[in-house]
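Student: Chains as they are written, first to last, in my numbering: chain A, 1 to 286; chain B, 1 to 327; chain C, 1 to 350.
These are calculated hints, taken from the structure and not from any lab test. We treat Cβ as the ideally placed atom computed from N, Cα and C, and that holds for glycine. Since no wrong hints were added, every one of them can be taken at face value.
Pair by pair, the computed Cβ-Cβ distance ranges are: (1) B/113 to A/277: 27 to 37 Å; (2) B/97 to C/249: 33 to 43 Å; (3) C/86 to A/126: 42 to 52 Å; (4) C/243 to B/103: 41 to 51 Å; (5) C/304 to B/120: 51 to 61 Å; (6) B/149 to C/87: 36 to 46 Å; (7) B/149 to A/140: 50 to 60 Å; (8) A/132 to C/19: 51 to 61 Å; (9) A/269 to B/7: 49 to 59 Å; (10) B/103 to A/26: 42 to 52 Å.
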Amino acid sequence: MKRNVSSAWRRLASDKLAMISLFVLIAFIVMAIVTPWVSSREDINPVNTGDNPTWASPSREFLLGTDYLGRSVALQVMWGSRVSLFVGLAATLLTIVIGTLVGITAGFFGGWGDAILMRFTDWFLVIPFLPTAIVLASVLERSIWTIVFVIGITSWPSTARLVRSQVLSVRSRLYVDRARALGAGRAHLIRRHIFPNVLPLIMASTTLAVPISILTETTLSFLGLGDPTEVSWGSILNEARQKGAVTRGAWWYYMPPGVAIVMVVLAFTLFGRALETVLDPRLRER
Amino acid sequence: MTLLEIRDLHVTYRSERGDVPAVRGVNLAVGEGDTLGLAGESGCGKSTIAASVLRLLPKGTDVRGEVLLGGEDVYAMKPGRLRAVRWTGAAVVFQGALHSLNPVKKVGWQIEEAVLLHTKVSGKAARARAQDLLVRVGIPADRLDHYPHQMSGGQRQRVLIALALACDPHVLIADEPTTALDVMVQAQVLALLEELQREKALALLFITHDLSVLTHTCRRLAVMYAGRIVEEGPSELVFTDPQHPYSRALAAAFPTIGDATSRMNPQGLAGDPPDPAALPTGCPFHIRCAVATPECATVDVALRDAGGERRAACVHVGASHVGDGHV
Amino acid sequence: MSEPVVSGPVVSGPLLSLTNVQVQFGGGRVHAVDTVSLDVGRGEVLALVGESGCGKTTLIRSIIGLEPLTSGTITVDGAKVTGNARGLRALRRKVQMIFQDPTGALNPRHTIGDAVAEGLRIHRKRGTAKGDEAAVVGAALAEAGLRPPERFVGRYPHEVSGGQRQRVLIAGAMALHPKLLLADEPVASLDASIRGEILALMRSYVDRDGVSIIAVTHDLGLAWNIADRVAVMYLGRIVEIGPAEDVLRNPQHPYTQALLSVVPEIEGMEQQILTGETPDPSRIPSGCRFHPRCPLVANGEAERLGIVDRCRGVDLELEPQTAPHRVACHAVHPPSPTGPTPVELSPRAT
Numbered sequence: 001m002k003r004n005v006s007s008a009w010r011r012l013a014s015d016k017l018a019m020i021s022l023f024v025l026i027a028f029i030v031m032a033i034v035t036p037w038v039s040s041r042e043d044i045n046p047v048n049t050g051d052n053p054t055w056a057s058p059s060r061e062f063l064l065g066t067d068y069l070g071r072s073v074a075l076q077v078m079w080g081s082r083v084s085l086f087v088g089l090a091a092t093l094l095t096i097v098i099g100t101l102v103g104i105t106a107g108f109f110g111g112w113g114d115a116i117l118m119r120f121t122d123w124f125l126v127i128p129f130l131p132t133a134i135v136l137a138s139v140l141e142r143s144i145w146t147i148v149f150v151i152g153i154t155s156w157p158s159t160a161r162l163v164r165s166q167v168l169s170v171r172s173r174l175y176v177d178r179a180r181a182l183g184a185g186r187a188h189l190i191r192r193h194i195f196p197n198v199l200p201l202i203m204a205s206t207t208l209a210v211p212i213s214i215l216t217e218t219t220l221s222f223l224g225l226g227d228p229t230e231v232s233w234g235s236i237l238n239e240a241r242q243k244g245a246v247t248r249g250a251w252w253y254y255m256p257p258g259v260a261i262v263m264v265v266l267a268f269t270l271f272g273r274a275l276e277t278v279l280d281p282r283l284r285e286r
Numbered sequence: 001m002t003l004l005e006i007r008d009l010h011v012t013y014r015s016e017r018g019d020v021p022a023v024r025g026v027n028l029a030v031g032e033g034d035t036l037g038l039a040g041e042s043g044c045g046k047s048t049i050a051a052s053v054l055r056l057l058p059k060g061t062d063v064r065g066e067v068l069l070g071g072e073d074v075y076a077m078k079p080g081r082l083r084a085v086r087w088t089g090a091a092v093v094f095q096g097a098l099h100s101l102n103p104v105k106k107v108g109w110q111i112e113e114a115v116l117l118h119t120k121v122s123g124k125a126a127r128a129r130a131q132d133l134l135v136r137v138g139i140p141a142d143r144l145d146h147y148p149h150q151m152s153g154g155q156r157q158r159v160l161i162a163l164a165l166a167c168d169p170h171v172l173i174a175d176e177p178t179t180a181l182d183v184m185v186q187a188q189v190l191a192l193l194e195e196l197q198r199e200k201a202l203a204l205l206f207i208t209h210d211l212s213v214l215t216h217t218c219r220r221l222a223v224m225y226a227g228r229i230v231e232e233g234p235s236e237l238v239f240t241d242p243q244h245p246y247s248r249a250l251a252a253a254f255p256t257i258g259d260a261t262s263r264m265n266p267q268g269l270a271g272d273p274p275d276p277a278a279l280p281t282g283c284p285f286h287i288r289c290a291v292a293t294p295e296c297a298t299v300d301v302a303l304r305d306a307g308g309e310r311r312a313a314c315v316h317v318g319a320s321h322v323g324d325g326h327v
Numbered sequence: 001m002s003e004p005v006v007s008g009p010v011v012s013g014p015l016l017s018l019t020n021v022q023v024q025f026g027g028g029r030v031h032a033v034d035t036v037s038l039d040v041g042r043g044e045v046l047a048l049v050g051e052s053g054c055g056k057t058t059l060i061r062s063i064i065g066l067e068p069l070t071s072g073t074i075t076v077d078g079a080k081v082t083g084n085a086r087g088l089r090a091l092r093r094k095v096q097m098i099f100q101d102p103t104g105a106l107n108p109r110h111t112i113g114d115a116v117a118e119g120l121r122i123h124r125k126r127g128t129a130k131g132d133e134a135a136v137v138g139a140a141l142a143e144a145g146l147r148p149p150e151r152f153v154g155r156y157p158h159e160v161s162g163g164q165r166q167r168v169l170i171a172g173a174m175a176l177h178p179k180l181l182l183a184d185e186p187v188a189s190l191d192a193s194i195r196g197e198i199l200a201l202m203r204s205y206v207d208r209d210g211v212s213i214i215a216v217t218h219d220l221g222l223a224w225n226i227a228d229r230v231a232v233m234y235l236g237r238i239v240e241i242g243p244a245e246d247v248l249r250n251p252q253h254p255y256t257q258a259l260l261s262v263v264p265e266i267e268g269m270e271q272q273i274l275t276g277e278t279p280d281p282s283r284i285p286s287g288c289r290f291h292p293r294c295p296l297v298a299n300g301e302a303e304r305l306g307i308v309d310r311c312r313g314v315d316l317e318l319e320p321q322t323a324p325h326r327v328a329c330h331a332v333h334p335p336s337p338t339g340p341t342p343v344e345l346s347p348r349a350t
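Next comes chain A alone, as it looks inside the complex (with noise of 0.2 Å):
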């Protein structure tokens, strides 16, 4: 095990594109971490708190200049990827947790748990999900919270799917045959056979995920779905939308946010391509 990691890693590391991305990841995770120490909630809040210049554009003073408040829209974006990156990983989280235990469930267990399993997936996989985000959005309390679980709710079916159909080939390979016929029970098989096998499809799968999830929170933080109380830089690109910030030319209002979301979905992309490459068997040379 320890050696499938070390040579792993070493795989990943020769793949440049994938230590940039890695690079970029961590930047923004530090970023998130260390914003409570530079700056603190005051920065943030709807009102004007100093005398500071509205709609300035970059300075010395403000590297990203100001909103429509005189708000630093630098800090902003920094408090913004507080929230997205923890909806992104949390919403991320849920999704995985939910899909593979039906996935596994399903697959290995078969007959009809599997039946009830998969026709239960369906439904939530036709259901569109704008409209329910909106619904549930709207119904339940407008927090984080909320995000985290109408992401996480319906972005497990395919998740599922995925797993079970990992779950049926590897349940079919020989060695799990052998398994058996040397006495081993369920728990026995799903925790030394068809679980590691299927790991590196749920890492990569994960990995994936999470610019899916950072995507979503921003698209329900624009439309107006998010915590108030909170700054994403989805609501960062709605307030910069509303107040004009488009006909007044004032780019650093909604440039910032919508590269760092560029930024940080390509990263979390490009990384989770490159690892799945790693992990996949089928794909290294012997």
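Given chain A's structure and the hints, the job is docking chains B and C onto it.
Tutor: Chains B and C in isolation, oriented as in the chain A frame:
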């Protein structure tokens, strides 16, 4: 007339881990109506030889020596001539596994394709020819429109034979055509091959690991090990009285039922067939050889006369049998 | 490693006893194993031969519990095998299996040491020391010819050769010290020159430890090499069984005769190539299931003997019941003077 001749063939694959010499100086010849069997195990180079006849080796492979089809060197041919010769001069019957035939095309179409590529006939004529071929190999004509997965292993193998004969080649190379088939189906397919070979006076090069099959189907037999031929001669003789220690071991792996010496006495060789990327020094077989001498580790031996039209590449052969007809 | 308490007394009868075993698939549509009764003694090697579709692999898979029985009983060491989890677990301490494809049968992510220890870990009682396990694994590897074991324990399957992988499988099965080893085409996917070594290895467990082996194979030469007895299967039924030398040198059933005649390694037999494909177990012929392909029916011999109607209409069992060499063929055992006794069998799809 010699239809297929291979002279001093050396084939080296290029890979990231270095050069892999798959074939190291092979000579063989098959005349019209003649049958030659090539026996060997994994890594010995026999499949490489099959691919080399029609220049089907991967790009960048280093090939030295000559492969003559009807007197013309395949490796000196221009691309146009090569394309014309492929399948009409020589054709290959591959192993009938599911992936030897295009799974999404009907079987009849695949044969028609071969005919249409090489002859200027109408679609209808091609279809008629495909039908004739299928019937000739013992498949009902209505199977023309079946897909490979709808057929049994034996039927697919017959389709591959029909496909190989589509353009009336003079030379037929059969590469493990009956491996993975049941013994009764294998017998059917072999009988078919023998019949067709006689009828069309084909030069047949039959490649397999099953030495005992070759003794029935082929007049002559060559045994390969580590990219070289280590013994060759009349197939009956090579099978019943092998001179090279490796041939002996290989023959012993197919015990004769009814023979008391092999009853409760499975014979095998220690070690594994050599990795062509890491061949031993001297005679490549010396590591697994029961009668190796110290000099076998340093000196490789060429094929020597072993009496009775046989040749074997072993120090124990020939030196003390000069002029003798038997061992 | 302590042996588990065996339930019931250890009888000195056959090690394995199959009685009227049936295995069906597709809700009774496919009769893969169609009433097989078989005994295997201790320290005996039985070769189960036949073509694809004859049910031989299904039969041994059902012995070790990988396929459920539709009906019939299996008795191992005097104790009837129950299909529940506990019964199967106990069964797998006494019966083990090796597979045709040694590469596919080993999880590529587990080391060789892990693969060999897997059975031990599954059956280990709580609290058994890990040190014991390493010793048992090493001993099993060494016995299977992988010496020194330390060189192999940490390696992965793809790092060793095909023959060595099969030895790993054998070590993994024998580490549990089973009394019966089921081998599904044990050397079919290995290079010819190393088959002898693997077969000799298998035989060594028999000669030294009294292990019994059922070897499923289509290769009659293998049977000649290591089998004490040979059973020939056709479409789910055993059609001939007896001591290897008898069956292989003096085959009685027309199917066995035809099979032997086309084996390249046979001497002194004229080839009888049967026509047609290997038959389909979802469409078993009436009467003697071999009659559509039987040379005796095809060349009129059956008619001359006056049995052709029975061949087409009456199913039959292995006869004579008590002899070591038994055949299920109307030509060999014509009806007794007291009249034929048709065998009642469960209805099947035609």
